[in-house]
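Quick note, the sequences are listed as chains A and B, same order.
For the first sequence, this note's numbering gives the first residue as 335, with consecutive numbering after it.
For the second sequence, this note's numbering gives the first residue as 335, with consecutive numbering after it.
Hints are computed from structural coordinates only; laboratory data are not their basis.
Please note that a few of the clues may not be correct.
All copies of an identical chain are treated as equivalent in the list; a pair is satisfied when it fits inside any one copy or across any two copies.
In silico lysine-lysine, BS3-like type, Cα no more than 27 angstroms apart, as pairs [what the hints assert, rightly or not]:
#: 1; residue 1: Lys405; residue 2: Lys446
#: 2; residue 1: Lys593; residue 2: Lys446
#: 3; residue 1: Lys461; residue 2: Lys446
#: 4; residue 1: Lys405; residue 2: Lys593
#: 5; residue 1: Lys593; residue 2: Lys578
#: 6; residue 1: Lys605; residue 2: Lys446
#: 7; residue 1: Lys571; residue 2: Lys521
#: 8; residue 1: Lys717; residue 2: Lys691
#: 9; residue 1: Lys711; residue 2: Lys691
#: 10; residue 1: Lys571; residue 2: Lys405
#: 11; residue 1: Lys521; residue 2: Lys461
#: 12; residue 1: Lys578; residue 2: Lys405
#: 13; residue 1: Lys711; residue 2: Lys681
#: 14; residue 1: Lys446; residue 2: Lys471
Nothing here was measured: the structure is a model prediction, and the numbers come from that model.
2 protein chains.
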Amino acid sequence: MTIPIPFRLFALGGASLALFAASLSASIPPPPSAVELAQQGDDLAWSITEDLTTEIGPRMAGTEAEAAARKWAIARLQAMGFADVREEPFDMPTWVRGAEEAWLTSPFLPQKLSITALGTSASTGPKGIEGDIAYFKNFDALLAAPDHLVKGRIVFIDHQMVPTQDGSGYGAYGRARFIGANVAAKKGAIATVIRAIGTDDHRNPHTGGTNFEAGVAPIPAGAISNPDADQLVRQWKRARLMRKSETPLGYIAEPLRMKLILTPQNLGIRKSGNVIAEVPGSDRGASPVIIACHLDSWDLGTGAIDDAAGCGIITAAAKHVMTAGQPRRTIRILWAGAEEVGVFGGKAYFERHGEQKHAVALESDFGADRVWRIDFKLPDSAKPLADRLAAAVAPFGVVRGRQPASGGADIGALVAAGVPTIDLAQDGTRYFDLHHTPDDTLDKIDPVQLRQNVAVWSATLAILANSSDAELP
Amino acid sequence: MTIPIPFRLFALGGASLALFAASLSASIPPPPSAVELAQQGDDLAWSITEDLTTEIGPRMAGTEAEAAARKWAIARLQAMGFADVREEPFDMPTWVRGAEEAWLTSPFLPQKLSITALGTSASTGPKGIEGDIAYFKNFDALLAAPDHLVKGRIVFIDHQMVPTQDGSGYGAYGRARFIGANVAAKKGAIATVIRAIGTDDHRNPHTGGTNFEAGVAPIPAGAISNPDADQLVRQWKRARLMRKSETPLGYIAEPLRMKLILTPQNLGIRKSGNVIAEVPGSDRGASPVIIACHLDSWDLGTGAIDDAAGCGIITAAAKHVMTAGQPRRTIRILWAGAEEVGVFGGKAYFERHGEQKHAVALESDFGADRVWRIDFKLPDSAKPLADRLAAAVAPFGVVRGRQPASGGADIGALVAAGVPTIDLAQDGTRYFDLHHTPDDTLDKIDPVQLRQNVAVWSATLAILANSSDAELP
Chain A
335 MTIPIPFRLF ALGGASLALF AASLSASIPP PPSAVELAQQ GDDLAWSITE DLTTEIGPRM
395 AGTEAEAAAR KWAIARLQAM GFADVREEPF DMPTWVRGAE EAWLTSPFLP QKLSITALGT
455 SASTGPKGIE GDIAYFKNFD ALLAAPDHLV KGRIVFIDHQ MVPTQDGSGY GAYGRARFIG
515 ANVAAKKGAI ATVIRAIGTD DHRNPHTGGT NFEAGVAPIP AGAISNPDAD QLVRQWKRAR
575 LMRKSETPLG YIAEPLRMKL ILTPQNLGIR KSGNVIAEVP GSDRGASPVI IACHLDSWDL
635 GTGAIDDAAG CGIITAAAKH VMTAGQPRRT IRILWAGAEE VGVFGGKAYF ERHGEQKHAV
695 ALESDFGADR VWRIDFKLPD SAKPLADRLA AAVAPFGVVR GRQPASGGAD IGALVAAGVP
755 TIDLAQDGTR YFDLHHTPDD TLDKIDPVQL RQNVAVWSAT LAILANSSDA ELP
Chain B
335 MTIPIPFRLF ALGGASLALF AASLSASIPP PPSAVELAQQ GDDLAWSITE DLTTEIGPRM
395 AGTEAEAAAR KWAIARLQAM GFADVREEPF DMPTWVRGAE EAWLTSPFLP QKLSITALGT
455 SASTGPKGIE GDIAYFKNFD ALLAAPDHLV KGRIVFIDHQ MVPTQDGSGY GAYGRARFIG
515 ANVAAKKGAI ATVIRAIGTD DHRNPHTGGT NFEAGVAPIP AGAISNPDAD QLVRQWKRAR
575 LMRKSETPLG YIAEPLRMKL ILTPQNLGIR KSGNVIAEVP GSDRGASPVI IACHLDSWDL
635 GTGAIDDAAG CGIITAAAKH VMTAGQPRRT IRILWAGAEE VGVFGGKAYF ERHGEQKHAV
695 ALESDFGADR VWRIDFKLPD SAKPLADRLA AAVAPFGVVR GRQPASGGAD IGALVAAGVP
755 TIDLAQDGTR YFDLHHTPDD TLDKIDPVQL RQNVAVWSAT LAILANSSDA ELP
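Chain A extracted, bound-state conformation (with noise of 0.2 angstroms):
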């Protein structure tokens, strides 16, 4: 944007300092709004990101490097001139990994796999186990299976995930991470190891939290790249046609086994925390606007699309509402802590402030690319007021969705209360790559596309942090 001060009346010679200053008034336009701020060559989303994966790097919940990303975050948001920068410290059990090695070891020479164990996986032991592998073409056949199949070997669930704009294979195909090894070890496996969920051809598994029902004795439970389980498909493939021995029913085929050597351990409670930045509003009588992103992340990369960029997104759009004029409701920065294990820090916040009115809860957590998509979940009120924010993305190539927004999960206790929630939904072609893989590094993230999410937000919480209580709760 420019300012066309009529500089050539100086030219002239002739014009008064009078009629400059009309001139000058006259022609005056607004300052500059919150978008365009955004769209002034916005740094600030890429500089939290750039800072976060380079100072620290890694930061798995519970661990001191989680603990130092909140104390640069608190540094980092009272630098950007935020209100009441605190911390909200909470416990959580926490599980970090260790050793991880895999190998195919018969019927053909030793190959080595690339594996990661899952969050909350048990440990083999430093000397591993050894087993026969029973082989299930997805989560499904995993569930139907009879007991005697499953008993006493390692379960490799494979799974046929490829890429969608909306993400909405995970759900599906994650099933096998999120419960796989549960339903294994219900049926006697001694292990379970996935085809990592995830849609590259890199030899960088994609590890993520798996989940034991209570009374269900954790077994040691990892992910193999997609080359790797193509590997092992191969050579199952192979295994079933050579002859172990012949039966009066037919040969018994070699068996595919496999070593695995997993120690992760469970280091009992730690501390962990959420960080939280205000943007006071003008009325403080209105319910505030809750943004969030989460600030742990696993370990084998440096959390720069999940979630550094989620954060610098929501953080940048707020500095930009900030700048651009004191809001009427207040807008409460979230950077959970803990969210990757097991959403300590959105549970956290809940219990703490799950009591108080929120207008609407947004949240970042889909990685750096463009945001293309907008969904709601509003009241009747809201409708004029979605129509409007409709309209105010549309100009960054985002669409209206048919389908009511999600949330996220660090606002997923909020919304499930019954707070309104809108989803800048994000482009999840190449999320699926990296999520959770050694290679989720800040290389990946376009700034072109980062800025475009800086300038969605900013337009859509200028006008929810303006929004009227006849609009929103």
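Once you have looked at the hints, place chain B on chain A.
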């Protein structure tokens, strides 16, 4: 291609056998050429590549895996009907990888790097070493540096390699790997770590050999991936601005420090070998055409593009030439051993057969992407032959180059001794994304491009194997 047998004659009922026979005789085309056989949906190259990478996998020179690969190779080449299939053993020094870990330890919290040892690297011992990093923006900067900037430090060599279709960046940027550690060792470095010689952005560093001069004691030498090198550079730039202490001449910056554990071992002299097979020519006095690939691979991936595919391509082409009809010259197929670690197979072949006259030598060892250019280094007598070859491969999208052919590592000694050579140059745009990494796996091979390679090789080989003594030696 189809053979139009007039089946309709049977349906008419009135056709005599004589008429049918005459019709068949009149319309019968010549038997398919080698290139036509290759175009009938070749899967020989694919099956060699798939079977070798699946059943053997990584096959580091001098190891049990490489020996198993030779045994596999002999059985496969015999099964394909080649003549005089044999192993020609040789001795070679054997180096194997150990543990490999690295961290940036200061001035920030420790962050783990993805590192791999370079072939012939010394060991740090199991406890590792830690030291200040001396940063050099490229190999030339290290060459120019005074010893006191290097002595007692861990040298880091950066570079700026980008992909090229002809792979020409490897020679220039590769110097950091080929001899960087040697240069650093002579200046007193305690270890050398390079930005891996690769063009991808995955945390899978590229290994490869490094070379120490006689009389220079090897030091630990590793490579880190591009994202890790980016992180190191970002931390190095920040550390330069951090004031550790003040002096009258200015401040002393915080050093960037690295801890390094690399425990490779030299196993001494072990056995390796070349595997050789032949398509016997009709003129036993004519000198043979030699075509080469290498059977060994680095240990991180399964050696799919480097160089199982090369063995698949040349062998499929030789098979198609053999099937199409006996050629005049013998085609000798060389699956060389121990290429990656010092071209020991190529040297052993030359020592044994270098005195023999060879008509022409070709190698396939640059991946599995399509052939895009043909280059020649032939005697003047072969000018019409080169024209025929260029015309034969043009229908497959192959252009004629203006530079002399260079051959390949395993035929390097032959070419240096004057044997004519032809390059069927493959597209290298993706090659250094994968080269010498864990990602060199079967899924990276495009079957369509692999098939184009076989067709181009079949067209070329059919002409060469039937060339006259007036054209080639």
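Homo-oligomer pair classification [Lys471, Lys446; C-alpha up to 27 angstroms]: So Lys446 and Lys471 pass the 27 angstroms test inside one copy only (22 angstroms; across, 35 angstroms).
Alpha-carbon proximity context of Lys711 and Lys681, limit 27 angstroms: Answer is within: at 21 angstroms inside a copy they meet the 27 angstroms cutoff, but 71 angstroms across does not.
Homomeric proximity label, Lys571 with Lys405: Cα distance no greater than 27 angstroms: Intra 52 angstroms, inter 22 angstroms, cutoff 27 angstroms: inter-copy only.
Homo-oligomer pair classification [Lys446, Lys605; C-alpha up to 27 angstroms]: between (36 angstroms within a copy, 23 angstroms between copies)
Homo-oligomer pair classification [Lys593, Lys405; C-alpha up to 27 angstroms]: between (41 angstroms within a copy, 25 angstroms between copies)
Intra/inter-copy verdict for Lys717 and Lys691 if alpha-carbon distance must be at most 27 angstroms: within (20 angstroms within a copy, 86 angstroms between copies)
Alpha-carbon proximity context of Lys593 and Lys446, limit 27 angstroms: both (9 angstroms within a copy, 25 angstroms between copies)
Lys521 and Lys461: within-copy, between-copy, both or neither at 27 angstroms Cα: Cα proximity of Lys521 and Lys461: one copy only (24 angstroms, versus 42 angstroms across).
Identical-chain pair category, Lys571 with Lys521, by Cα at 27 angstroms: Cα proximity of Lys571 and Lys521: one copy only (24 angstroms, versus 54 angstroms across).
Homomeric proximity label, Lys461 with Lys446: Cα distance no greater than 27 angstroms: both (16 angstroms within a copy, 24 angstroms between copies)
Lys711 and Lys691: within-copy, between-copy, both or neither at 27 angstroms Cα: Answer is within: at 16 angstroms inside a copy they meet the 27 angstroms cutoff, but 80 angstroms across does not.
Alpha-carbon proximity between Lys593 and Lys578, which holds within one copy, between copies, both or neither at 27 angstroms: Only inside one copy: Lys593 and Lys578 sit 20 angstroms apart there, 48 angstroms across copies, limit 27 angstroms.
The structure is consistent with each of the numbered hints, conforming to all of them.
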